[in-house]
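*Asks:* Since chain A is already given, all that's left is putting chain B on it; use the hints.
There are 2 protein chains.
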Amino acid sequence: MRVSQLLGERYKERAFEIESQNLMTRGGYIKQVGNGIYSLFTPAKRIARKIENILREEMDAIGGQEVLFPVAMPATIWQQSGRFDSIGSELLRFKDRSGADMVLGMTHEEAAVQLATNVAGTYQKFPFMIYQIQTKFRDEPRARGGLIRVREFTMKDAYSFHTSYEDLQQYYEQCYKAYERIFARCGVPEVIAVKSDPGMMGGKISHEFMLLTGIGEDTLVICPQCGYRANMEAADCIVHEHLDAEEKPLELVETYQNKTIEEVATFLNVSMDRLLKAVVYQRNEDDSYVVVFIRGDIEVNETKLRNYLKAEVHPAVELDACDLCAGSIGPVDLHTKATVLFDKTLQSRNNYVCGANRDGFHRTGLNLTRDIGKVDFIDVGKATDGGVCPSCGKHSITIKNGIEVGNIFQLGTRYTEAMGMQYDAADGSRQYPIMGCYGIGVGRLMASVCEAKHDDYGPIWPMAIAPWQVHICALRADDPQVKDKAETLYSELNRLGVEVIIDDRTVSAGFMFSDADLLGVPLRVIISPKTLARNAFELISRDKTVKQDLAIEGAAAALRDMVMERM
Amino acid sequence: MRVSQLLGERYKERAFEIESQNLMTRGGYIKQVGNGIYSLFTPAKRIARKIENILREEMDAIGGQEVLFPVAMPATIWQQSGRFDSIGSELLRFKDRSGADMVLGMTHEEAAVQLATNVAGTYQKFPFMIYQIQTKFRDEPRARGGLIRVREFTMKDAYSFHTSYEDLQQYYEQCYKAYERIFARCGVPEVIAVKSDPGMMGGKISHEFMLLTGIGEDTLVICPQCGYRANMEAADCIVHEHLDAEEKPLELVETYQNKTIEEVATFLNVSMDRLLKAVVYQRNEDDSYVVVFIRGDIEVNETKLRNYLKAEVHPAVELDACDLCAGSIGPVDLHTKATVLFDKTLQSRNNYVCGANRDGFHRTGLNLTRDIGKVDFIDVGKATDGGVCPSCGKHSITIKNGIEVGNIFQLGTRYTEAMGMQYDAADGSRQYPIMGCYGIGVGRLMASVCEAKHDDYGPIWPMAIAPWQVHICALRADDPQVKDKAETLYSELNRLGVEVIIDDRTVSAGFMFSDADLLGVPLRVIISPKTLARNAFELISRDKTVKQDLAIEGAAAALRDMVMERM
Chain A
862 MRVSQLLGER
872 YKERAFEIES
882 QNLMTRGGYI
892 KQVGNGIYSL
902 FTPAKRIARK
912 IENILREEMD
922 AIGGQEVLFP
932 VAMPATIWQQ
942 SGRFDSIGSE
952 LLRFKDRSGA
962 DMVLGMTHEE
972 AAVQLATNVA
982 GTYQKFPFMI
992 YQIQTKFRDE
1002 PRARGGLIRV
1012 REFTMKDAYS
1022 FHTSYEDLQQ
1032 YYEQCYKAYE
1042 RIFARCGVPE
1052 VIAVKSDPGM
1062 MGGKISHEFM
1072 LLTGIGEDTL
1082 VICPQCGYRA
1092 NMEAADCIVH
1102 EHLDAEEKPL
1112 ELVETYQNKT
1122 IEEVATFLNV
1132 SMDRLLKAVV
1142 YQRNEDDSYV
1152 VVFIRGDIEV
1162 NETKLRNYLK
1172 AEVHPAVELD
1182 ACDLCAGSIG
1192 PVDLHTKATV
1202 LFDKTLQSRN
1212 NYVCGANRDG
1222 FHRTGLNLTR
1232 DIGKVDFIDV
1242 GKATDGGVCP
1252 SCGKHSITIK
1262 NGIEVGNIFQ
1272 LGTRYTEAMG
1282 MQYDAADGSR
1292 QYPIMGCYGI
1302 GVGRLMASVC
1312 EAKHDDYGPI
1322 WPMAIAPWQV
1332 HICALRADDP
1342 QVKDKAETLY
1352 SELNRLGVEV
1362 IIDDRTVSAG
1372 FMFSDADLLG
1382 VPLRVIISPK
1392 TLARNAFELI
1402 SRDKTVKQDL
1412 AIEGAAAALR
1422 DMVMERM
Chain B
862 MRVSQLLGER
872 YKERAFEIES
882 QNLMTRGGYI
892 KQVGNGIYSL
902 FTPAKRIARK
912 IENILREEMD
922 AIGGQEVLFP
932 VAMPATIWQQ
942 SGRFDSIGSE
952 LLRFKDRSGA
962 DMVLGMTHEE
972 AAVQLATNVA
982 GTYQKFPFMI
992 YQIQTKFRDE
1002 PRARGGLIRV
1012 REFTMKDAYS
1022 FHTSYEDLQQ
1032 YYEQCYKAYE
1042 RIFARCGVPE
1052 VIAVKSDPGM
1062 MGGKISHEFM
1072 LLTGIGEDTL
1082 VICPQCGYRA
1092 NMEAADCIVH
1102 EHLDAEEKPL
1112 ELVETYQNKT
1122 IEEVATFLNV
1132 SMDRLLKAVV
1142 YQRNEDDSYV
1152 VVFIRGDIEV
1162 NETKLRNYLK
1172 AEVHPAVELD
1182 ACDLCAGSIG
1192 PVDLHTKATV
1202 LFDKTLQSRN
1212 NYVCGANRDG
1222 FHRTGLNLTR
1232 DIGKVDFIDV
1242 GKATDGGVCP
1252 SCGKHSITIK
1262 NGIEVGNIFQ
1272 LGTRYTEAMG
1282 MQYDAADGSR
1292 QYPIMGCYGI
1302 GVGRLMASVC
1312 EAKHDDYGPI
1322 WPMAIAPWQV
1332 HICALRADDP
1342 QVKDKAETLY
1352 SELNRLGVEV
1362 IIDDRTVSAG
1372 FMFSDADLLG
1382 VPLRVIISPK
1392 TLARNAFELI
1402 SRDKTVKQDL
1412 AIEGAAAALR
1422 DMVMERM
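Protein chains in written order, with this note's numbering: chain A, 862 to 1428; chain B, 862 to 1428.
Okay, chain A solo, but in the shape it has when bound (with noise of 0.2 Å):
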């Protein structure tokens, strides 16, 4: 490829705060087409190919059976699996020409499930994995950040077909390692996995892969002493117990305008973890409340919250038409027809500070059990930064940003019961195969390896996805002597199946130099006059680690070498 056919325009003004997204969009990697919907311009669609190369053989190592599924599918498989209804508005639906209900698929459980279906009749069948690279489309209400929050995408999704949670539990650490060796190759090792919620999914285990960087939109809880991670929405949150050695009698005090948090704990002049706060929610299908009593210096953690509930939930907008006392609410005497759930959080301290269901009041020296009765404590807190780790018990929570960059689910039989896939087992019972999901964006991939490596002046991508492996920058290219080796240099390295991008344009030094940065080719070739009055080319890597001279006899079998050393 020579740039100055490539199509595409480099430039320097930053437009994004993302810098991914900044340096792919100079860079002529990506363009807009309409909300969270690109084209990818060359250069992004070879790296997007050799990722999924690496997926592909990734996956066929751990024999996954390569399909395909259809993008625009009837809506009647997603009507089996009950997600046509339960999915909300990202699940994109749409009627044909003939009125016929369909769906954009944004994943595959279904496909998979009507392909497996009929065709794996027996147990010997089992296990298998198929998988699929292509598109999904999800409409996303917050596109963002470039190629790191779409609508839609390019994905590898598998789905593996078990007998038993065994085999299930044993495809899925193969699978995971799978997952770590991918993004390794990708070239960014430091991806880690994260305990999730399984979501819409279903299913009870899952993982996420996370690669750590500030402009991550899910909040991950690390702790750095004994390794535990999860994803905010699926961590365990943990605090010490600190109990009063003496339980305090209850008692009524006026309170005045005090009704934040905040206000009671300052005018009560007590820490947050002594109050005991109400945070009111209503379910979305029929807005009915929902009260939830949790330490006041812990937040609720709205995913667990949805879980427990098995409804979707929002924060409650409108207090006054309610039995309820808002700035006030508390768990004695308190005469409501809201569901009212205690966090476990609460179990850690006693004499609380809690609302007494009466405008300008408040209670203090709660002590849950004594004064209303047995309580059952669920778990809906929000880790917290300094908090203490569910796994080790140490206060060494730390919280992190991430951004997701694959998924692995234990679906389970949600999908083959509900859809009816069935099996002859060994003992002549029909039985529901168990199955499991495995997820990789590949553009969200792409960004992400491009946020995790640049510098000020654009990417820095890994050898094995580079878009080209070497850049020739023939400067000067109308001195017949630099034509010639430029030339010669990128003959001899396509032949020798190094891929080669050859900028033979007559700009100047700078301007071909910050093309190339943008363009994040690992292994750079300057050929001048300069370099050739020292008979000699100038090699510099992209990433500064390497500036020397290539002397110009056997430069070619050089490169290929260094480029085979990198991969």
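Calculated directly from the structure, the hints in this document are not laboratory data. None of these values were measured; they are calculated from a predicted model. Glycine included, every Cβ here is placed at the ideal spot set by N, Cα and C. Heads up, a few of these hints could be off.
[Unchecked claim] Below, computed lysine-lysine pairings styled on DSSO-like, alpha-carbon distance capped at 27 Å:
#: 1; chain 1: B; residue 1: Lys1065; chain 2: B; residue 2: Lys1261
#: 2; chain 1: A; residue 1: Lys986; chain 2: B; residue 2: Lys1344
#: 3; chain 1: B; residue 1: Lys873; chain 2: A; residue 2: Lys986
#: 4; chain 1: B; residue 1: Lys1314; chain 2: B; residue 2: Lys1405
#: 5; chain 1: B; residue 1: Lys986; chain 2: A; residue 2: Lys873
#: 6; chain 1: A; residue 1: Lys1344; chain 2: B; residue 2: Lys986
#: 7; chain 1: A; residue 1: Lys1171; chain 2: A; residue 2: Lys1235
#: 8; chain 1: A; residue 1: Lys956; chain 2: B; residue 2: Lys1344
#: 9; chain 1: A; residue 1: Lys1205; chain 2: A; residue 2: Lys1120
#: 10; chain 1: B; residue 1: Lys1346; chain 2: A; residue 2: Lys986
#: 11; chain 1: A; residue 1: Lys1171; chain 2: A; residue 2: Lys1205
[Unchecked claim] A few chain B residues that face chain A, going by a derived Cβ cut-off under 7 Å, partial list only:
#: 12; residue: Leu868
#: 13; residue: Lys892
#: 14; residue: Gly895
#: 15; residue: Leu901
#: 16; residue: Val928
#: 17; residue: Val932
#: 18; residue: Ala933
#: 19; residue: Phe955
#: 20; residue: Thr996
#: 21; residue: Asp1000
#: 22; residue: Met1280
[What the hints assert, rightly or not] So, partial list: chain A residues that the calculated Cβ filter (under 8 Å) puts toward chain B:
#: 23; residue: Glu870
#: 24; residue: Glu874
#: 25; residue: Gly895
#: 26; residue: Ile923
#: 27; residue: Val928
#: 28; residue: Leu929
#: 29; residue: Ser950
#: 30; residue: Phe955
#: 31; residue: Gln975
#: 32; residue: Ala977
#: 33; residue: Asp1000
#: 34; residue: Arg1010
#: 35; residue: Glu1013
*Replies:* Below, chain B alone, put in the same frame as chain A:
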């Protein structure tokens, strides 16, 4: 790969009329998900990937830059080109969650222009070609034949941009030759190019690449004498001139109940080509009438009629309400608001029989110029088998059916003008680039190869696109010696990079061979106690041209060489 693990089942029951659909369904290649929507099992996905690689290599070889356009696009760019309104319901339109109009891409001219706009600002960047291999959706009313005519399909679509028509023509010819190489490499060198009608794509010159087969939906006009080839939609209709020496007078004759061409010809005892017939259409937009006068033995080519009228038409459904005398429409004394057209085949004769615009009567001795004055003849006739070749003038036209497996179009500036893409020309002026576009459907090509290359037992895949290259049948895999030799060969072939599938099931030879026939792998190696007794493997080619013993020693290397020879 092992047949025992391959997902999919093969079976004997014929389910479909079209043989490729039948074999690809029975052979475990495809599974229908919805009307015109299929999932691909691994064998089909492997064939598709090989076809895609051939497409990629040939597009790269003519300077193509691989990019990726979105499947789901905002309607805005289709509104810019005007096609959001001009294309019918085969363009799938929907609204996203924000209510914005969207389309599913059935072709990507708009996306190509959107991508190239502002990044090819001066003439130096031209010419260039960008292409993608991506999923498309076309809401076909008549999905049929498995992958032959589907609604969702994978397509290679390429778009070239030029600064002159000469440059486009030159590139068009390059692409034409690349297409010939592609079809030859995919094992169907017999694919021919025919002149075609550009239809909704716009532009003037276009060709379709056709595989001749009885199941093809396209009708082709071919002259074996001179090589003239056109789609019926685009074929000139030529008839030889047979004027009577003497012009007869125009006379009114009573024809009673005889109304159809056949009835009138029989009643008056003349051949059909001596009749002038009227065919009546209505414009879709306003139901206004169009009368086409044409020679009695020639059919109207509706595509040519539409192109002439620049309007969609349908055969008239109701003549009672209009000012035409059904069963007796003729050009003399015709008083009508309808558009009246004369096909040029009418020039070939004189003394016609025609309608008299009076129930129960016709006229004889019609001589058009004499009786109604100057006539503008147009070409809307359909070529006929045995008709006159428009190129060499011989009575040599043959009508054949074909499947369109590719097409190339000279688009001109239709899209760049509509979407406002311009560049600085060498003379400093602003110009619209001139485009070409070039498509090949991957799935349809795969099914077409199957249609062209099969026997009663299954597909006979050409080596270059076969799902695997060598198929090992281990007959009596329970025999330790058979198992050992088969597994050794399997490992060696894998090590040599040969794509091999092994059938290690303990099933009967008949069962195993019929599965192998359906998988259609070019080289089959049979290993059984019988072959081992004569210290050999048996080699059979799927196309039955080779059946010989293969020495066990060196078998893997010999097979590798045979694979290479056949690529």
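*Asks:* Now look at each hint and say whether the structure bears it out.
*Replies:* Hints, one by one, checked against the model:
no.: 1; hint: B:Lys1065 to B:Lys1261; in the structure: 24 Å, holds
no.: 2; hint: A:Lys986 to B:Lys1344; in the structure: 20 Å, holds
no.: 3; hint: B:Lys873 to A:Lys986; in the structure: 20 Å, holds
no.: 4; hint: B:Lys1314 to B:Lys1405; in the structure: 12 Å, holds
no.: 5; hint: B:Lys986 to A:Lys873; in the structure: 20 Å, holds
no.: 6; hint: A:Lys1344 to B:Lys986; in the structure: 20 Å, holds
no.: 7; hint: A:Lys1171 to A:Lys1235; in the structure: 24 Å, holds
no.: 8; hint: A:Lys956 to B:Lys1344; in the structure: 54 Å, violated
no.: 9; hint: A:Lys1205 to A:Lys1120; in the structure: 23 Å, holds
no.: 10; hint: B:Lys1346 to A:Lys986; in the structure: 24 Å, holds
no.: 11; hint: A:Lys1171 to A:Lys1205; in the structure: 19 Å, holds
no.: 12; hint: Leu868; in the structure: 6 Å, holds
no.: 13; hint: Lys892; in the structure: 6 Å, holds
no.: 14; hint: Gly895; in the structure: 4 Å, holds
no.: 15; hint: Leu901; in the structure: 4 Å, holds
no.: 16; hint: Val928; in the structure: 5 Å, holds
no.: 17; hint: Val932; in the structure: 5 Å, holds
no.: 18; hint: Ala933; in the structure: 5 Å, holds
no.: 19; hint: Phe955; in the structure: 4 Å, holds
no.: 20; hint: Thr996; in the structure: 5 Å, holds
no.: 21; hint: Asp1000; in the structure: 5 Å, holds
no.: 22; hint: Met1280; in the structure: 13 Å, violated
no.: 23; hint: Glu870; in the structure: 5 Å, holds
no.: 24; hint: Glu874; in the structure: 14 Å, violated
no.: 25; hint: Gly895; in the structure: 4 Å, holds
no.: 26; hint: Ile923; in the structure: 13 Å, violated
no.: 27; hint: Val928; in the structure: 5 Å, holds
no.: 28; hint: Leu929; in the structure: 4 Å, holds
no.: 29; hint: Ser950; in the structure: 4 Å, holds
no.: 30; hint: Phe955; in the structure: 4 Å, holds
no.: 31; hint: Gln975; in the structure: 6 Å, holds
no.: 32; hint: Ala977; in the structure: 6 Å, holds
no.: 33; hint: Asp1000; in the structure: 5 Å, holds
no.: 34; hint: Arg1010; in the structure: 15 Å, violated
no.: 35; hint: Glu1013; in the structure: 5 Å, holds
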